[in-house]
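> The residues making up each chain are set out below.
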Amino acid sequence: MTGRSTGGVQSPTDSFFADLATRRHEPLLKSASGSVQFDLVDGERLEHWCVTMDKGDVAVSHKNAKADAIVRLDKATFDGMASGRVNAIAATLRGELVPEGDLGLVLLFQRLFPAPEGADGAADLVARRAR
Amino acid sequence: MSADLVQILDGNTFVVSDARGDIEASLTDPTGLFSFDTRFLSKWVLKIADERLSPLSVDNLQYFEARFFLIRGTGTVYVDAKLSVIRQRAVGDGFLEQLTVLNHDDKAVDVAVRLDADSDFADLFEVKDALEKKGIRKNRVEDGRLVLGYERGPFVRETWISATEPAAIDERGLSFALTLEPHGEWKTDVNVVTALSATGERHDRPKYGSSNREPRPSMARDLDSWLAEAPRLNCDWEPLTEAYRRSLVDLAALRFTTRTMPGHALPAAGLPWFMTLFGRDSIFTSLQALPFAPELAATTLRALGERQGSRVDDFRDEDPGKILHEMRYGEMTAFEERPHSPYYGSSDATALFVVLLDEYERWTGDRALVRELEFEARAALNWIDEYGDLQGNGYVSYKRRNEETGLENQCWKDSWDSISYRNGALPGFPRATCELQGYSYDAKMRGARLAREVWRDGAFADRLEKEAAAFKRRFNRDFWVDDGGYFAVALDADGQKVDSLTSNNGHLLWSGIVDKSKAKSVVRHLVGPALYSGWGIRTLAEGEGRYNPIGYHVGTIWPFDNSFIAWGLRRYGYKAEAAKVAAGILDAAQFFDGRLPEAFGGYPRTLTKHPVQYPTACSPQAWSTGTPLLLLRTMLGLEPVGDQIAVDPALPRSIGRLELLDIPGRWGRVDALGRGRIKT
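Order-wise, the sequence lines are chains A and B. Position in the first sequence (from 1) plus 72 gives the number in the working numbering. One point on numbering: in the working numbering, the residue at position 488 of the second sequence is 472, and numbering is uninterrupted.
Hints listed in this document are in silico derivations from the structure and should not be mistaken for laboratory results. Take the hints with a grain of salt, since some may be wrong.
To be verified - Now the in silico label distances, taken between C-beta atoms and shown as ranges: (1) B:Val125 / A:Arg144: 29 to 37 Å; (2) A:Arg144 / B:Ala630: 48 to 56 Å; (3) A:Ala137 / B:Glu116: 46 to 54 Å; (4) B:Ala352 / A:Ala131: 22 to 30 Å; (5) A:Ser105 / B:Trp210: 25 to 33 Å; (6) B:Ala152 / A:Gly115: 39 to 47 Å; (7) B:Ala352 / A:Gly115: 45 to 53 Å.
Claimed, not checked - Okay, the calculated bits of chain A under chain B, using three or more residues with CB under 8 Å as the criterion: (8) 89 to 103; (9) 110 to 119; (10) 183 to 189.
Cβ atoms here follow ideal geometry from the backbone N, Cα and C, with glycine treated the same way.
Put together the whole structure using the sequences plus the hints.
Printed below as a string of C-alpha cells:
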C-alpha cells in the first residue's frame, strides 16, 4: 500500500511521492509513457511535483518543466487522494482538480492512489472463503 | 416516454424535444438538452404573439439534425396559415437552432417571437427520481447572452444562449420584434452552448456553429465516410439489406468518444440514456461489429484498460484487475451519491475483456495492441481467480459490496427475478451464473494463445490451459442438470444447482465450455419448443415457474442473446440450427423497420403474427444494433484462420443470394459469397 501517512511532520502527499520515488518500478504504470506534473496550491505557495513514467519505470522530481499532462489542485485534495480519503475521478468531476494535456496518463497515474480507508472487501472475501 | 418525442445526438450530448421542437421537462416526458449526464436545458419553448405553435411535420435529417415545420394555432384549427416557422437544429457541444419565420401574405406584418429558456441542471439519475437540487441555480444576462447557471461548491455548470439577430434578453429568455415584408422572411441563428460541463473544457459556441457554416456539416461527412468504410452488402432479400444499413447508421450514432482518446470512438450502450462507456455492452457490441468496424474494439479495449480497477473499493465494487461496468459524469456521481466514477459492479466484463482482445487480434493482426495491454490482460486473468471466485470454490460469482446503490445482479440478466429455480424461487447471494464460467474458461484459453504467440510466455500459457481444462471438467459435472439434459443457470450460495432452463446455455456453446458429448442435448433444448418461439430463443423456457412472455429476462427474446447463441451453434458445428435462429431474428427485424429492439415478447410465433415489442426507453440499443452484423458473420461462417479468412456459408433459403464485399482484416479486404439453401 502506498502513501499511507507516517504521522509526524510528513504530509500524505510528501510520503506518497517519497514512496513512489524509492520504488523506481511500478507495474501499474506499465502502459504509461510520459510525464505528469502536479501543481499543488497550498495557500500562497505553489508546489510542483513531476513524475516521469516509462513503461513502468518512474522518476519523481520537483522540476517545473514542460510535462505531457498538468494537473492543478489544492494540496489538501492531493493529501486526501494520497491517503485514500478522496477519489481522484470523482474529484475531477466535482471540479476540484483540473487536468490538462494527455489525460490518459493522468488516468493511469491515479491507479497508484490507495484504497479508501476502511474498505473491507478483501477481508470480507477471506471471511467468506473461510466459511 | 411518449412515442412522438424527437431525439438528436452527438456523442453523449443529445436533445429530446416534442414534435414542435419544444422542451418542457416533466416526469413523464424527460425532454431536454443533455450533455455528460446533466440536463442543460429543461425549458425551451417557442411562441409567436405569446402563443404556442403547432407542428406540421418533422424531418429527422440525420441522427444529429432535425427540422421542424410549424404553424400558428393549436390542434386542427389554424388561426393563421399566413405565417409559418422552420426550426432547424443540429447538436454538438449544445446545439445550433436556425429559426426562420416566413410571411406568406401579401401584406407586411409585425411579429413578436419569444423563446423561453431555463434549466434545472438535473443529473440523469435525478430526472427519473425527481430529487431536490443541493446547489444554487442562477440565471444572468451577460455580454449579450443569457447564461443559465448552477453551482455546488467547485461544481459549476453553465448554458450560454445567444442569437445572431438583435434580441431583448432577460433571465427567462429571448424576445425578437420583427417586421416581415410581404412574402418576406426573417432568420436568426440561436446558439445554445454547454459552456461549462463535466469535461472541464469550455465551449463558447456549438460545434456546428453559424460562424463556420459549411455546405455540409462535418458530422454528415463523417457519417458518409463511416458508411463507405464498412463492407458492402448485396442480397436478394431486401429486409436484410435494410437491417444492415440501419445497423450501420445506428452504430454511427452510438459512437462515443472519451476525453482520453479524442478522435477514437467506441460503442456506447444505448441512445439516448445510455450514451456512456459500459464494460459489458461496449464489449459485446464491439465483438458483433468486429468484421465490419474493428476500430470500435480497439478503442473499447484501450478505454476499458485505462480505467481498469486497481484497488479494493467497496463503494464502487472495485477490485484490482476488474473491468468497469458503467461510467457517469453527472452531479450525483461527482458527489459520490452514486458509485459511477466508474462503477465496477459487473462480473462478466473482466473475462470478456480478454475474449475481445484475442478475437480482435485474430481478425486484425494488431499485435501492438495486445502488447500494449499485456499488463491489463494479465490483471484481468488474475482477477478471475483472485477476486471473481468469491467463495473459494473455483467458480466466479457475485455479491455486491455496495448494498445501498450497487447492482444486485451483476450479470447481463440484471433484473431482480432473472435467476430462478424451476419452481420460481430465487436463490440468495453469491450467485455463480453459468455464463460467467463460460466466459472465464474462454478468457483463459484465449489468454493462453496471446501469452504463447504474443507475450512469448509459454509457461503462463501452459498454466492457463491446464487450469482451463480442469475447470471445464468440473463445470460439466457441477452445473449439469441430469434429469433435464442442460446446464443449470447458476449455482447458489450452497453450491446447489439453480435448475431452470435458460438461454444462458447458448452462451456456454459460444464460450466452448460445453463437452462435445453434451452439446447435442443442449442444442435440442435451444431450438426446441420450450425455448424457441419461432422468432427466437427465449431468455427463460416456457413451463418454468417464472416464465412470462413479456417478463424482462424471464421469457422475452433478446436479439443480442440470440446472435451470440447463433455464434455458439456454429462453433459446435450446428449450422442449420444457427441459420434457423438467424432467420427468426431477421424476420422479426422487418417488423421494426430493420431496427431490432432490446427485447420482444416470447409468445409463440404461431400465436402472434408479429413480434410484440417490449417497452423500453432506449432505442437503438447498441447490442441489438450489432445483432444483424453478428448474424451475417454466423450465416456466412466467417472465421479467421491464421492470416486468412475462412468462409463457410449456411444461409436460410429465404435469403437467396448474399454477397458481403470488402471485409476488412489481417488479410486486407476480401469478399464472401453465399446462397440460401437451408430450410428454416
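> Each of the hints needs a verdict: does it hold here or not?
Results for each hint:
Checked against the given bound of 29 to 37 Å, the beta carbons of Val125 (chain B) and Arg144 (chain A), roughly 31 Å apart, stay inside it. Take Arg144 (chain A) and Ala630 (chain B): their Cβ atoms lie about 54 Å apart, and the range 48 to 56 Å holds. Our hint of 46 to 54 Å for Ala137 (chain A) and Glu116 (chain B) holds, since their Cβ atoms are close to 47 Å apart. For Ala352 (chain B) and Ala131 (chain A), the Cβ-Cβ distance of about 26 Å falls inside the hinted range of 22 to 30 Å, so the restraint holds.
In this structure, Ser105 (chain A) and Trp210 (chain B) meet the distance hint of 25 to 33 Å, their C-beta atoms being roughly 31 Å apart. Taken as a hint, the range 39 to 47 Å holds for the pair Ala152 (chain B) and Gly115 (chain A), whose Cβ atoms sit roughly 46 Å apart. Judged by the Cβ atoms, the range 45 to 53 Å given for Ala352 (chain B) and Gly115 (chain A) holds: they are separated by roughly 46 Å. Using a Cβ-Cβ cut-off of 8 Å, 4 residues of the segment 89 to 103 of chain A lie near chain B, which meets the minimum of three, so the contact claim holds.
Look at the segment 110 to 119 of chain A against chain B: 0 of its residues bring a Cβ nearer than 8 Å to a Cβ of that chain, fewer than three, so the hint is violated. Proximity of the segment 183 to 189 of chain A to chain B, defined as three or more residues with a beta carbon under 8 Å from a beta carbon of that chain, is established by the 6 residues found.
Consistency note: the structure conflicts with earlier hint 9 alone.
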